[in-house]
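Asker: Model the full structure from these sequences, guided by the hints.
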Amino acid sequence: AQKITQTQPGMFVQEKEAVTLDCTYDTSDQSYGLFWYKQPSSGEMIFLIYQGSYDEQNATEGRYSLNFQKARKSANLVISASQLGDSAMYFCAMRELTGNQFYFGTGTSLTVIP
Amino acid sequence: EAGVAQSPRYKIIEKRQSVAFWCNPISGHATLYWYQQILGQGPKLLIQFQNNGVVDDSQLPKDRFSAERLKGVDSTLKIQPAKLEDSAVYLCASSPSGSEQYFGPGTRLTVT
Chain G
1 AQKITQTQPG
11 MFVQEKEAVT
21 LDCTYDTSDQ
31 SYGLFWYKQP
41 SSGEMIFLIY
51 QGSYDEQNAT
61 EGRYSLNFQK
71 ARKSANLVIS
81 ASQLGDSAMY
91 FCAMRELTGN
101 QFYFGTGTSL
111 TVIP
Chain F
1 EAGVAQSPRY
11 KIIEKRQSVA
21 FWCNPISGHA
31 TLYWYQQILG
41 QGPKLLIQFQ
51 NNGVVDDSQL
61 PKDRFSAERL
71 KGVDSTLKIQ
81 PAKLEDSAVY
91 LCASSPSGSE
101 QYFGPGTRLT
111 VT
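Which chain is which? The protein sequence lines are G and F, in order. 1 is the number of the first residue of the first sequence in this note's numbering; add one for each residue after it. 1 is the number of the first residue of the second sequence in this note's numbering; add one for each residue after it.
Do not rely on the hints blindly, as some may be mistaken.
[What the hints assert, rightly or not] These stretches of chain F come out as covered by chain G in the derived footprint (C-beta under 8 angstroms, 3 or more residues): (1) 44-57; (2) 87-97; (3) 102-110.
[Said to hold, decoys possible] When the alpha-carbon atoms are kept at most 20 angstroms apart in a straight line, the in silico EDC-like pairs for lysine to aspartate or glutamate are as follows: (4) F/Lys-44 <-> G/Asp-86; (5) G/Lys-3 <-> F/Asp-56; (6) F/Lys-44 <-> G/Glu-96; (7) F/Lys-78 <-> F/Glu-68; (8) F/Lys-44 <-> G/Asp-26; (9) F/Lys-71 <-> F/Asp-57; (10) F/Lys-11 <-> G/Glu-44; (11) G/Lys-70 <-> G/Asp-26; (12) G/Lys-16 <-> G/Asp-86; (13) G/Lys-3 <-> F/Glu-100; (14) G/Lys-3 <-> F/Asp-57.
[To be verified] Partial selection, computed: residues in chain G whose CB lies under 7 angstroms from chain F: (15) Glu-44; (16) Phe-104; (17) Thr-106.
Read the hints as simulated data drawn from the structure, not as lab findings. Keep in mind the model is a prediction, meaning the values are calculated, not measured. C-beta atoms are modelled at their ideal positions from N, C-alpha and C, and glycine is treated no differently.
Answerer: Below, the structure written as structure tokens:
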């Protein structure tokens with residue numbers, strides 16, 4: 001079974017609109033962390049936001065927020081007020097504390113339309 | 001603060017040749033990771049070091065790939081001999097505590 005599933009290969013959003021990128025995960029660990037990374041065409045992976053499994057509040061970092069629904073095992077990324085520079089690949093990732101392994105999803109390509 | 005450094009940025013080799021990649025993590029980061037990212041896919045963890053010890057190398061093809069992190073700082077990843085399917089971007093990342101990772105720019109390998 002896939003540890004991280006991103007079902008949207010590509011997404012389009014109008015500039016200044018909000019967009020939600022989906023991510024579901026699979027783990028039997030009680031303690032884990034969820035991450036989102038941005039990968040522009042230059043190739044570098046940029047850390048965006050982190051959510052711990054025991055965090056009760058959804059993480060927020062500027063225009064990024066993580067909609068964490070533990071019972072549904074989902075960790076969607078919400079980008080508010082999209083900008084042209086947000087066009088990139090976005091990867092959801094999970095770290096299981098048992099074994100300390102990191103797993104990445106297949107990514108979602110986001111295109112912001114002017 | 002300087003980021004994760006990798007070299008070379010690009011490498012083209014013929015199959016059956018050898019190649020080595022170098023990574024210098026962020027100063028003070030104990031954990032270092034090597035990932036392979038094939039075009040159109042997410043990164044796949046190859047090996048994880050904690051200081052100079054290997055934490056996880058379960059997905060490293062050990063018949064042809066090797067990695068070391070002498071003195072718990074710099075790391076090298078070697079492929080010998082390379083195959084066509086090794087064409088990918090090799091990403092190095094470091095982490096201070098095993099939480100968020102900071103990635104280098106990657107090395108794009110093309111095997112012909």
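Asker: Each hint should be assessed against the structure and marked as holding or not.
Answerer: Going down the list of hints, with the structure as the test:
Three residues within the 8 angstroms Cβ limit are the bar, and the stretch 44-57 of chain F against chain G gives 5, so the coverage statement holds. Remark: the stretch 87-97 of chain F is confirmed as covered by chain G, as 3 of its residues place a Cβ nearer than 8 angstroms to a Cβ of that chain, reaching the required three. By the rule of at least three residues with a Cβ nearer than 8 angstroms to a Cβ of chain G, the coverage given for the stretch 102-110 of chain F holds, with 6 such residues. Proposed proximity of F/Lys-44 and G/Asp-86 is contradicted: the alpha carbons are some 24 angstroms apart, above 20 angstroms.
Restraint check for G/Lys-3 and F/Asp-56: satisfied, since their Cα atoms lie roughly 17 angstroms apart, inside the 20 angstroms limit. Between the alpha carbons of F/Lys-44 and G/Glu-96 the distance comes to roughly 15 angstroms, so the proposed pair stays at or under 20 angstroms and holds. The straight-line distance between the Cα atoms of F/Lys-78 and F/Glu-68 is roughly 9 angstroms, inside the 20 angstroms bound, and the hint therefore holds. A hinted pair counts as satisfied when its Cα atoms are at most 20 angstroms apart, and F/Lys-44 with G/Asp-26 qualifies at roughly 17 angstroms.
For the given pair, F/Lys-71 sits about 18 angstroms from F/Asp-57 by alpha-carbon distance, which is consistent with the 20 angstroms threshold. A threshold of 20 angstroms between alpha carbons decides the hint, and for F/Lys-11 with G/Glu-44 the separation of about 17 angstroms falls inside it, so the pair holds. A hinted pair counts as satisfied when its Cα atoms are at most 20 angstroms apart, and G/Lys-70 with G/Asp-26 qualifies at roughly 11 angstroms. Pair hint G/Lys-16 plus G/Asp-86 holds up; C-alpha atoms about 11 angstroms apart against a cutoff of 20 angstroms.
Using a Cα cut-off of 20 angstroms, the hinted pair G/Lys-3 and F/Glu-100 holds, with the two alpha carbons roughly 18 angstroms apart. For the hint pairing G/Lys-3 with F/Asp-57, the CA-to-CA distance comes to about 18 angstroms; that is within 20 angstroms, so the pair holds. Of the supplied interface hints, the one on G/Glu-44 holds, with its beta-carbon coming within about 5 angstroms of a beta-carbon of chain F, less than 7 angstroms. A hinted interface residue such as G/Phe-104 counts as satisfied when its beta carbon comes closer than 7 angstroms to some beta carbon of chain F; here the least separation is about 4 angstroms, so the hint holds.
Annotation: interface hint on G/Thr-106 holds; nearest CB of chain F at approximately 5 angstroms, less than 7 angstroms.
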